[in-house]
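K.L.:
Listed below, chain by chain, are the residues.
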Amino acid sequence: MIGKILLSGVLISFLSMFVRKRYNYFRWILFSIYLLLTLYFLFLWRNSFYYNESYNFLSLYGLNFSLNFKITPLGWLFSFFTIFLTFLISIFSIQKNIGEDSEKLISFFWFYLIVSNIGIFFADDFLTLFIFWELMTFSSFFVISPGWIKSFRAVNYYFVLSTLGAFFMLLGIGFLYGGTKSFSIESGYTYLFTLFSINPLLSVFITITFILGFFTKSALIPFHIWPAQAHAEAPDDFSAFLSGIMIKYGLFGNLLFLVPLFLLIKNYPSTQIITNGIPLFSHILSWVGAITSVIATFLAIESNDMKKLAAWSTVANIGYATTSIFILSSYGIAGGIFQIITHAIFKTAIFLALAAVKYRTHEREMHKLGGLAYKMPVTFLTFLLGIIAAAGIPPMNGYASKWFIYQALLSGHFPFLTIAIFLSSTGAFMYLFRALHSIFLGQLPEKFDDVKEVPFLMQIPMYILMALMLLTGVFPGIILKPINSVLISFNLQPVKVTYNTMFSTLSSVDSLKVFLTFSGSFAFAFILYLIGKPRKHVEPLDNYTAGQDPKEFGLTRELYHFALKFYEPFEHMFDSYRTNTKEFYDSFERKVNEFGNFIKESYSKNIRYSSYIFIFALVLVILYGWLVW
Amino acid sequence: MVKTYIFRFLIAVLTSIFMGLLYMGIGRKFMARIRRCYAGPFYQSYIDVIKLFSKNSISHNWIMDFGVMMGFAGIIATVVFLPIGPFNVFPDMKGNIIIIMYFMTIGYLGMAMGVAASGNPNATIGIARALSLMIGYEIPFALSVILLIFANRSSLLYDMVLSQHGSFLNWNMFRYPFAFAGSLIALQGMLGEQPFDAMIAPAEIASGPMVELSGKFLGFGFLQHASQIFLETGIIAAMFLGGGTILGFFTKQLILYLITLSIAAVFSRYRFEDAVKFFWIIPTLLVLLQLVIFLA
Amino acid sequence: MNYNLPVLLIAIPILFSFLSLILGSFNKILSKIILISVIIFNIISGICIYNSVLKNGNILTVIGNYLPPFGINLISTYTSISFLILLYIVFLVASLIFVSKNDDRADKISSVLLLYLASSTGILLTGDIFNLFVFIEIFSISNIILISIKDKKLSIKGSLKYLIITSIGASLYLFGIGFLYGILGTLNLSEISLNFDNISYFSKVFIFLFFLGSIMAELEVFPFNFWISDSYAGSKNYVNILLSGLSSIVALYIFIRLFLTVFGYPTFISFSYSLPFNVKTLFLTIFGLSVIVNELAALSSKNVKRILGFSSASSLSLILLSLSTGLKNGVMAAMLIAISVIISKPLLFLSSHQIMKGKGEKNLNSFIDGFRRNPLFSILFIIGVFTLVGFPLTPSFWGKFLLFISATEKISYTTLILVIVVFSITIELFYYFRLMHKLFIKDENIKVEKTKNNFVYIFSGILLASIIIFFSVKPYFTQNIVEKTTEDIFDKSGYIKSCLKSGEIDDR
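Going line by line, the protein sequences match chains A, B and C.
Residue numbering for the first sequence follows my numbering, starting at 1 and increasing by one per position.
Residue numbering for the second sequence follows my numbering, starting at 1 and increasing by one per position.
Residue numbering for the third sequence follows my numbering, starting at 1 and increasing by one per position.
There may be inaccurate statements among the hints.
Straight-line C-alpha distance at most 30 Å; calculated BS3-like pairs for lysine-lysine [what the hints assert, rightly or not]:
hint, chain 1, residue 1, chain 2, residue 2
1, C, K450, A, K591
2, A, K452, A, K21
3, A, K104, C, K362
4, A, K104, C, K450
5, C, K357, C, K236
6, A, K368, C, K442
None of these hints come from the bench; they were simulated from the model.
This is chain A alone, in the form it adopts within the complex (with noise of 0.2 Å):
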């Protein structure tokens, strides 16, 4: 059945090319009901685990070449929840390609971007993660690009990154495979483990090929710099999933291979360096993770395009959440997924909410935009539900995932860990605000005076989104509990969940008490709000002209709308650190291009020297067999 919902897959994508241009909205009600086809299969089976499908159909060069499937707990888990949230965005992105010349390009990689996202998910053996692995790749540098000059450059990271980083994946898959004749992963990585008693050198350096595959894949340092220039430029409402779930491919294959790996290093300590209770590697990696969520916090503070910023938001969850799956405890393994889904969810709205922005006003930069709020209250209710999950704020679902990596962190005694994921949790929660402020408060441009909430089906989705992230907030055991069946699968103990109330060793929370707490205290303010004397309605202008008519004193609102160079002072706290970073940055890009322009033009002097270079180099070739000899 796998087989055919992805076989199906190409088959749309394929049948979708020859909708005619002018119903090119059409393209997107395909995709969409394929999506929701996919979505009723995958909820038939949420019972069937460790379901198997394989296709046998290549036995070549002593390999035996078969897809392989599986549903296992967790992949069931996330691909449920990406191809929800994808058909949301695709509900979407019906609404803004209607009447619009849009792309043909996107729609159509899109689907096998879906086919991909399923065969990740549900791979059982290593080639056929791999293959779905580069599918995604070249898929997704067409949908980030589709033919616009501008967003190639964007793209150019990201591909150039994710191939090195799928290549490396091979290269480690070549070497489990060298050692076990089979490209099962949990023959893998049992095989790693007895590798790393018998030669170390050898398993940390295929341990080195899996992370940096995942990591170019999920923007860990030193690999950062991509989302914020690709979810920039990608098309609107392919950000949202670029930044809700194909960021989270790279955290998967963690699950799916190092997990397991540092859980077994973990439980049979033999050789390896066991530091606070988990092997010294994971250690470095969570390490990684929070280094990484700081500094995407900082770079979020001082960028003022609306996209961006939200990109290297999603880069510092990202690392909130590998710091919490390498703790290797329950706590954490379940906060790291359970973050990883929070985040979808909300990233999910607040780039819809952006989307609808940018569909409306044709703006990215902050400081042009202001006061949408007034005129999109739809939107601009579920941006702030949005970032009040981001930064964490309870009731919000972003709270629960957070409180969950805190009693990991804690109760695994991770003070330096947990204070850098605090620190990053506070910078959330400035940045999110100057979206929130110079976006959708202080003052309405008056080029926006115009402006509408976006249609109907644009909205659709947002509603729902808006009330998953207070049902999750709420209710944090609908996700949980599923997560549970994850932890069941990797041998670990569940985490003790009710709907409503989670446990852990430290404390417990009842996130409906602290829910209805915070509306009994909105109640009691509005009661207040009532009592007081009625206020009364009055332009933001009249008040700052002492009623004069403020345009004698050229007064415009844009000039009262303070949004740019928002944390000013603050930013030059960092100056010194900055100007390094990109030195360096520049600096290795200059050397490589001076090495490749090196190399180009000794090719085309003239034929005296490249003689002379023969010769000089065959007696290089001529004097090593010499003196090795």
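Dock chains B and C against the given chain A, drawing on the hints supplied.
P.N.:
Here is chains B and C on its own, set in the frame of chain A:
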């Protein structure tokens, strides 16, 4: 069941407002004494609030109303989770410190949203400064919270209070003096008192966030500040001064507030980026030192 | 069994290359007809030989009844004959394109092309080391002439570079032959390979290095490949096809014969060398360096032909790299990559030429809006790129996979080289995707006119693409060919046996 909860909820909220306003009144008198001038009676704050709620007020849009209410609601909802002496609203969540720290932010967010919606740049500048300052003082504060969680193996404030029972030498203030010092400096920042009051800066940005608030909106701001004083001094009192009986708790809170005010009275204002740097260096190092001593 | 058809494969092109000069002076069309009919004859007889090789094993063709080790002899093994058929297909494409163009010098060029055909066939079939030298010389000379056909400064420069470098190589080769003949007293490849172990260490190293140095320029290996930049950019389209597709086969075959059959000792799964220094390390260093340097050069080039040229040099180095791992999997990987490179590189040259048709500058930006101008060849270009970079299910995907597997069996120097290879594959992907992306960029200001494609181009493009697709969708067929080739390469004693009936086999 539900009725008891509502009853306890109202007790906690009203206490916080009542006591917070009282502390404010006493604080005013205290400041006046330091500066050798006159102040209104200690109940002046109550009069102020009633006066503000009965005055005319203007608003620019619905978000402003909504934001100001949300700010106040956020702070009083946090107070509900604070163990006031031996009194707890929820028997199963006796002051979960992580909830308190995150719930406080919703108050800040609401207030920030309300005043940003007023559209006055001075207000927004004030908010920007307040948020930058927040990233400063949260670090030493969070570090000392982590220290106490490690020490007590629980993230409940009430467990921390219980562990300090007995002689006053059991107080965490004496057990972890460096952490206490760091938290005290952080408290100064949390309350926005000098030298960390760049966000209000009356002469420079016209009282910052409050610039556009009038009538009952200012009244909400007043109430929020009162609850905030109660909440933040309460957290420090529970963490380091051993909680105690209800009266003892109130006294400890008042003492903490007066210490803050006396520091504020002698210092001049920091530029806020310098303030952030200061928070990241001196108090953070103090708490880190304590943490290293504890872990070692 | 004495089987004389292989002789005709060489003799007929040589004969008609002179005839085409004479007949072409009457009418240029005649020489074109001769060219096409000769290549068709060669293809047909090549397939006949292929069949009989399949049936009877290696075929020895003795000329003048002088039994080997004396006299001239041709050996058709499975490897050489299957390489030969691939070569003829590429040659057919190139000559079709040549024929479709109007050129005043058609008779002369077709004569050179026929010489080229004869010499490359000779290189693949001959069993004699001196004959090999002669054919290599003819091959180089015809290459030089073909490169310089385009009357431009660049093409003259390129062909001169090629001339000088290959003639240095040729003289080294001659030295090597002299040494060998002086010591062993024979020129027959089988005899040499039988007795090579008996030579003293000193001479072995000397001979080995002489042959290695001479072949490097032909193999487009850095730093011996300074001719490729100007030669590719300065020559005509069909010459590009010949250079990238055909020269690679020929150079590869020379490498396989000399360094695997003659100097190497195949065991069950790997090759070894009885030389005093580590040959594998030397090979891996040179070829690994060459891969990355050529990719970097391609990355920083702007001219499309240059990019493709550097890219084909680097793919050739990649093939050599996987050959020199010496493992069975590595050799299979080399064969697989070779198949995809040999077919996809001509396709890339062909389709890029058509996409850029009518644009003055042949640089990256002339690809802009290519898809609307020329959808057919854009698709063919994309097929070519996917084949080259190793999209799953294409031969080069399996090849790269096998290379990874073979090199990772145990950690060694090879593994480190592989890290470089991973980087270079990424670079390759990047610049090809950059080109592909340009195809889809829409320039709204300019009205697009559809390019008219010549029928010959369409035919040859679709022919090449369908061969690739055939190899991809029939993986068992591909596997069969590749495994047989590999077995044949490893079967040193079989090669010697088929040539020297009475010779004793040194089974090591």
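K.L.:
Next step is simple, just say for each hint if it's right about the structure.
P.N.:
Tested hints:
For a cut-off of 30 Å, the pair hint linking C/K450 to A/K591 is broken: about 41 Å separates their Cα positions. Our distance criterion of 30 Å between C-alpha atoms is met by A/K452 and A/K21, whose separation comes to about 27 Å. Using a Cα cut-off of 30 Å, the hinted pair A/K104 and C/K362 holds, with the two alpha carbons roughly 28 Å apart. Distance restraint check for A/K104 and C/K450: the Cα-Cα separation of roughly 20 Å lies within the 30 Å cut-off, and the hinted pair is therefore satisfied.
A distance of roughly 13 Å separates the Cα atoms of C/K357 and C/K236; the hinted pair therefore holds under the 30 Å criterion. The hinted pair formed by A/K368 and C/K442 meets the criterion: a straight-line CA distance of about 29 Å does not exceed 30 Å.
In summary, the structure is inconsistent with hint 1 from the numbered list given earlier, while agreeing with all the others.
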